[in-house]
Amino acid sequence: MTQEIIYSIGGVLLFCIGLYGLIACEHLFRKILSFNIMGGGVFLFLVSIALNGDNTPDPVPHAMVLTGIVVTVSATAFALALLRRINSGTGAETLGRLEQDASDLDG
Amino acid sequence: MKADEPAEKITQRILTAFFAAGLALVLAMAVTDLPEGVGLSGDAQESLKQSGVENSVTAVLLNFRGYDTLLEICVLLLSVLGVMTLTNGRIRRPEYSIDPLLHVLARVLVPLMVLVSGYLLYEGSYAPGGAFQAGAVLGSAIVLSRLAGLAAVEKFNRAFLVAAMLGFAVFLIIAVIPLAYGRNFIEYPPEYAGILIFTIEASLTISIAIILYSLFSGGSAIPSRSHPGGRKN
Numbered sequence: 618m619t620q621e622i623i624y625s626i627g628g629v630l631l632f633c634i635g636l637y638g639l640i641a642c643e644h645l646f647r648k649i650l651s652f653n654i655m656g657g658g659v660f661l662f663l664v665s666i667a668l669n670g671d672n673t674p675d676p677v678p679h680a681m682v683l684t685g686i687v688v689t690v691s692a693t694a695f696a697l698a699l700l701r702r703i704n705s706g707t708g709a710e711t712l713g714r715l716e717q718d719a720s721d722l723d724g
Numbered sequence: 473m474k475a476d477e478p479a480e481k482i483t484q485r486i487l488t489a490f491f492a493a494g495l496a497l498v499l500a501m502a503v504t505d506l507p508e509g510v511g512l513s514g515d516a517q518e519s520l521k522q523s524g525v526e527n528s529v530t531a532v533l534l535n536f537r538g539y540d541t542l543l544e545i546c547v548l549l550l551s552v553l554g555v556m557t558l559t560n561g562r563i564r565r566p567e568y569s570i571d572p573l574l575h576v577l578a579r580v581l582v583p584l585m586v587l588v589s590g591y592l593l594y595e596g597s598y599a600p601g602g603a604f605q606a607g608a609v610l611g612s613a614i615v616l617s618r619l620a621g622l623a624a625v626e627k628f629n630r631a632f633l634v635a636a637m638l639g640f641a642v643f644l645i646i647a648v649i650p651l652a653y654g655r656n657f658i659e660y661p662p663e664y665a666g667i668l669i670f671t672i673e674a675s676l677t678i679s680i681a682i683i684l685y686s687l688f689s690g691g692s693a694i695p696s697r698s699h700p701g702g703r704k705n
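So the sequence lines, in the order shown, correspond to chains A and B.
Counted the way this note's numbering counts, the first sequence spans residues 618 to 724.
Counted the way this note's numbering counts, the second sequence spans residues 473 to 705.
These are calculated hints, taken from the structure and not from any lab test.
Where is the CB? At the ideal position from N, CA and C, for every residue including glycine.
Among the hints, erroneous ones may be present.
[Stated by the list, open to error] Only some residues are given here: those of chain B computed to face chain A with a beta carbon under 8 Å:
id	residue
1	T488
2	A489
3	A492
4	A516
5	Q517
6	L533
7	D540
8	E544
9	G554
[To be verified] Footprint (simulated), chain A over chain B, 3 or more residues, beta carbon under 8 Å:
id	segment
10	501-508
11	523-532
12	676-688
All chains, please: the whole structure from these sequences, using the hints.
Given below as structure tokens:
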């Protein structure tokens with residue numbers, strides 16, 4: 618019981634640290650990393666609710682985590698490709714820089 | 473925090489930190505108060521006999537919640553297509569020389585990794601393992617051979633990308649066939665479920681490995697023609 622709660626709260630903390638990073642960090646790469654940390658928190662939480670005392674763990678959250686990990690990998694790869702494209706096209710690495718460049722072009 | 477940052481930004485960060493801490497507190501209170509014993513564990517164990525496999529996670533992934541896995545391989549394919557579109561196949565590859573030690577190590581490791589991948593695939597029917605783990609190991613074997621400049625990787629061509637779609641295609645066909653016999657989508661007949669799941673898993677393994685490698689190499693499965701420090705033979 619205590620073990621489950623420690624893992625669940627660990628997952629919640631990871632999720633919130635990731636959320637803070639996602640909002641507070643400006644660099645897009647850090648935002649992608651923060652998003653991954655949030656995902657890690659969700660997976661930890663899902664695995665912890667699968668714990669079922671001494672019995673066999675609940676397979677449904679496990680299957681969801683397995684699916685989630687693969688989707689995270691592919692989404693991260695796509696996000697990184699987008700970031701590289703933005704960076705090579707505009708030289709910007711933050712959303713603020715992008716907006717600034719766009720308004721410079723307009724003005 | 474840097475000293476020259478405007479005060480507005482620092483205030484924003486502090487507010488964000490408070491927001492995140494508050495959310496953590498609320499969520500922590502919620503997770504300590506979760507009802508117990510409401511999982512689907514019992515249901516999954518009960519219907520395990522009809523699923524065609526002995527491992528409950530594999531049964532959930534490929535039988536009970538087959539939709540998830542079908543859509544997941546679809547997401548993987550879409551991300552490869554997205555990355556390929558973005559990079560336009562014009563990825564600048566860093567010029568690096570291949571470490572001779574890595575080369576020798578890879579020649580020992582890659583066959584072992586392929587073996588482990590096959591074992592994980594086979595084992596998935598009765599123990600933890602299956603297409604995703606096997607695909608990840610096989611994918612990293614391909615990445616390693618590419619980093620070590622093994623000759624095998626240089627022979628990849630467009631057929632390689634067709635293989636990336638194999639998993640989705642096979643899964644979709646096997647999922648649709650039951651419709652012709654008046655069953656539901658992804659409702660395998662229990663007597664064939666085992667072999668059907670293994671077929672899907674085998675093709676998923678190949679696809680996942682190739683998709684992971686394609687994502688690593690920037691959407692293009694075709695490596696650069698010149699390997700500056702590569703093997704000369």
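Against the structure, the hints come out as follows:
A cut of 8 Å between beta carbons decides the hint on B/T488: the least distance to chain A is about 5 Å, and the hint holds. For the restraint placing B/A489 at the interface with chain A, the shortest Cβ-Cβ distance is roughly 6 Å, inside the 8 Å limit, so the hint holds. A distance limit of 8 Å between C-beta atoms decides the matter here; for B/A492 the minimum to chain A is near 4 Å, and the interface restraint holds. Below 8 Å, beta-carbon pairs count as interface contacts, and B/A516 has one with chain A at about 5 Å; its hint therefore holds.
Hint status for B/Q517 relative to chain A: holds, with the closest Cβ pair at about 7 Å, below 8 Å. This hint holds: B/L533 has a C-beta 5 Å from the nearest C-beta of chain A, less than the 8 Å allowed. Given the 8 Å rule on beta carbons, the hint for B/D540 holds: about 5 Å separates it from the nearest Cβ of chain A. Among the interface hints, the one on B/E544 holds; its C-beta lies about 5 Å from the nearest C-beta in chain A, closer than the 8 Å criterion.
Look at B/G554: its Cβ gets to within about 5 Å of chain A, closer than 8 Å, so that hint holds up. With a cut-off of 8 Å between beta carbons, the segment 501-508 of chain B has 3 residues touching chain A; three or more are needed, and the interface restraint holds. Only when three residues or more bring their CB closer than 8 Å to a CB of chain A does the claim for the segment 523-532 of chain B stand; here the count is 4, and the claim holds. Here's how the segment 676-688 of chain B fares: 5 of its residues keep a CB closer than 8 Å to some CB of chain A, so the rule of at least three is met and the hint holds.
Checked against the numbered hints given earlier, the structure satisfies every one of them.
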